[in-house]
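J.: Once you've looked at the hints, dock chain B against the given chain A.
Protein chains: 2
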Amino acid sequence: MEILSENKAFGGTQGVYKHNSHSCRCDMTFGLFLPEEAQYGAVPVLWYLSGLTCTHENAMTKAAAQGWAAEQGIALVFPDTSPRGEGVADDDAYDLGQGAGFYVNATQEPWAKHFNMWDYITEDLPSMLQENLPLDMTRQAITGHSMGGHGALTMAMSLPGRFRSVSAFAPICNPTGSDWGRKQLSAYLGDDESTWAAHDASLLMTEKGFDGPVLIDQGTEDQFLDLLRPETLASAAALRRQEITHRMQKGYDHSYFFVSSFMEEHIAFHAEALYAD
Amino acid sequence: MEILSENKAFGGTQGVYKHNSHSCRCDMTFGLFLPEEAQYGAVPVLWYLSGLTCTHENAMTKAAAQGWAAEQGIALVFPDTSPRGEGVADDDAYDLGQGAGFYVNATQEPWAKHFNMWDYITEDLPSMLQENLPLDMTRQAITGHSMGGHGALTMAMSLPGRFRSVSAFAPICNPTGSDWGRKQLSAYLGDDESTWAAHDASLLMTEKGFDGPVLIDQGTEDQFLDLLRPETLASAAALRRQEITHRMQKGYDHSYFFVSSFMEEHIAFHAEALYAD
Numbered sequence: 010m011e012i013l014s015e016n017k018a019f020g021g022t023q024g025v026y027k028h029n030s031h032s033c034r035c036d037m038t039f040g041l042f043l044p045e046e047a048q049y050g051a052v053p054v055l056w057y058l059s060g061l062t063c064t065h066e067n068a069m070t071k072a073a074a075q076g077w078a079a080e081q082g083i084a085l086v087f088p089d090t091s092p093r094g095e096g097v098a099d100d101d102a103y104d105l106g107q108g109a110g111f112y113v114n115a116t117q118e119p120w121a122k123h124f125n126m127w128d129y130i131t132e133d134l135p136s137m138l139q140e141n142l143p144l145d146m147t148r149q150a151i152t153g154h155s156m157g158g159h160g161a162l163t164m165a166m167s168l169p170g171r172f173r174s175v176s177a178f179a180p181i182c183n184p185t186g187s188d189w190g191r192k193q194l195s196a197y198l199g200d201d202e203s204t205w206a207a208h209d210a211s212l213l214m215t216e217k218g219f220d221g222p223v224l225i226d227q228g229t230e231d232q233f234l235d236l237l238r239p240e241t242l243a244s245a246a247a248l249r250r251q252e253i254t255h256r257m258q259k260g261y262d263h264s265y266f267f268v269s270s271f272m273e274e275h276i277a278f279h280a281e282a283l284y285a286d
Numbered sequence: 010m011e012i013l014s015e016n017k018a019f020g021g022t023q024g025v026y027k028h029n030s031h032s033c034r035c036d037m038t039f040g041l042f043l044p045e046e047a048q049y050g051a052v053p054v055l056w057y058l059s060g061l062t063c064t065h066e067n068a069m070t071k072a073a074a075q076g077w078a079a080e081q082g083i084a085l086v087f088p089d090t091s092p093r094g095e096g097v098a099d100d101d102a103y104d105l106g107q108g109a110g111f112y113v114n115a116t117q118e119p120w121a122k123h124f125n126m127w128d129y130i131t132e133d134l135p136s137m138l139q140e141n142l143p144l145d146m147t148r149q150a151i152t153g154h155s156m157g158g159h160g161a162l163t164m165a166m167s168l169p170g171r172f173r174s175v176s177a178f179a180p181i182c183n184p185t186g187s188d189w190g191r192k193q194l195s196a197y198l199g200d201d202e203s204t205w206a207a208h209d210a211s212l213l214m215t216e217k218g219f220d221g222p223v224l225i226d227q228g229t230e231d232q233f234l235d236l237l238r239p240e241t242l243a244s245a246a247a248l249r250r251q252e253i254t255h256r257m258q259k260g261y262d263h264s265y266f267f268v269s270s271f272m273e274e275h276i277a278f279h280a281e282a283l284y285a286d
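Line by line, the protein sequences give chains A and B. Taking my numbering as reference, the numbering of the first sequence is continuous, increasing by one, and the terminal residue is 286. Taking my numbering as reference, the numbering of the second sequence is continuous, increasing by one, and the terminal residue is 286.
Just chain A, with the same shape it has in the complex (with noise of 0.2 Å):
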């Protein structure tokens, strides 16, 4: 693990490190916040996933959250959205290739190589936190925003027992369903629709839900509603009487200043569960 850079923040250190990826195949870069609190002991841990064109460094810059998780002792990863570099294939495409791993593990050309982000976030980037850093890997949480909110709403029902809660900014949620999505999912894992579900939270929460609270904000001048499709994921998790607070926040659109703004509240509802016990 190369550090690339560390500041201190809020009490804490906001690093970014380098590290070897075996499932991706390539260097990675993340950003990790550890507050004050790691100095004494293992801290529980929030996982952010980012949306499409971001890297490990857009939230750790705009999205405001150390603040919160400095004041709650709480560790924020923030990993990047694909495999970068030399020999990474990509695509003209902003929303597909680097920059828009959309957390699968593909199985089709040019993309099978080094695109595993799911065992990325899931296997590789936590056993080599773990080993490395004072986390509490028994106190995880995960959220993301937009891609980023597909991927930990994803990631949060496919692992039960892994996380304590999910929460999620503008959330793609239904992804086999809509052009964020449909594009993607047939690239890295082919036209075999069945293998897609797997990836799309709406069918996710019918098919399993969450075992522990959800929460999700939703901006209603969000440009890309159409995209992200909100109420297919409101329905199923009705349908499941899923533990859940899906808001629909007059006003706001798909940006950081729309993240920023209710990560305070996020953060609370994490460390609400992940000091639970």
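Computed cross-link-like contacts, EDC-like style, restricted to lysine to aspartate or glutamate with a CA-CA straight-line distance of at most 16 Å:
(1) B/Lys259 <-> B/Glu230
(2) A/Lys71 <-> B/Glu66
(3) B/Lys71 <-> A/Glu66
(4) B/Lys259 <-> A/Glu45
(5) B/Lys122 <-> B/Glu95
(6) B/Lys217 <-> B/Glu252
(7) A/Lys259 <-> B/Glu45
(8) B/Lys27 <-> B/Glu11
(9) A/Lys259 <-> B/Glu15
(10) B/Lys259 <-> A/Glu15
Derived DEER-like restraints, expressed as beta-carbon distance ranges:
(11) A/Gly260 <-> B/Glu281: 26 to 32 Å
(12) A/Gly96 <-> B/Ile12: 42 to 48 Å
(13) A/Gly96 <-> B/Met146: 54 to 60 Å
(14) A/Asp145 <-> B/Glu202: 56 to 62 Å
(15) A/Gly260 <-> B/Asp201: 51 to 57 Å
Note that these hints are calculated values from the structure, not bench results. These numbers come from a predicted model, not from an experiment. A virtual CB, placed ideally from N, CA and C, is assigned to each residue, including glycine.
T.: Same frame as chain A, but now just chain B:
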């Protein structure tokens, strides 16, 4: 005044606007956060002047100021740091020309035509804001970072009665004695150093001081401490018996991680002055 973007944020609006500047003889872009209270009447104003290389955007997205301003019902103005665009002079160095206006009125070529940031911030932009927006210009305060801290301090001391309070994050404190200053003051104002004194916070502190509270934060690990020279301002303020809180914050550097870590306290400090009487 042309709207470039408006995003709902913390119950209010984060806008970006363009207008033609009389002083700079070009279009200028600025950010403005209006809290929800501005719908019902004029609100107090906190100016945030940015540092070298910044545009109006950096602090608007990275300083985490809007949430605290919303809580206090205060508007935030984020001006650009120089004139820009076709026909505006520039220099290859990051610390001269576009992005490095130093908050002075240039008298030397090739800068004199456009580089009049002192007049832009103290006359041009405030009149435009007063005419068009629900701002209470009898309740103004000013802050800034690095070169912007220099601007905030020099303007506050040079315009008695304009600002009720002044604060700064890692300000350039003594530009007439530093490579962050001598080069630019010479380029913009010429070699007669007597014209530089009006733009040196430490000299102004000795000569005039500020009729109100002053708050300065500085990181002990700031990589630019030798250029900022906080010791000259601290000494001048102490000699004058100026009302001031000057803090050296252990472990912090020059970045927005430092700025955002102390933003809550700076905005609370200004709110107290803005709402007095």
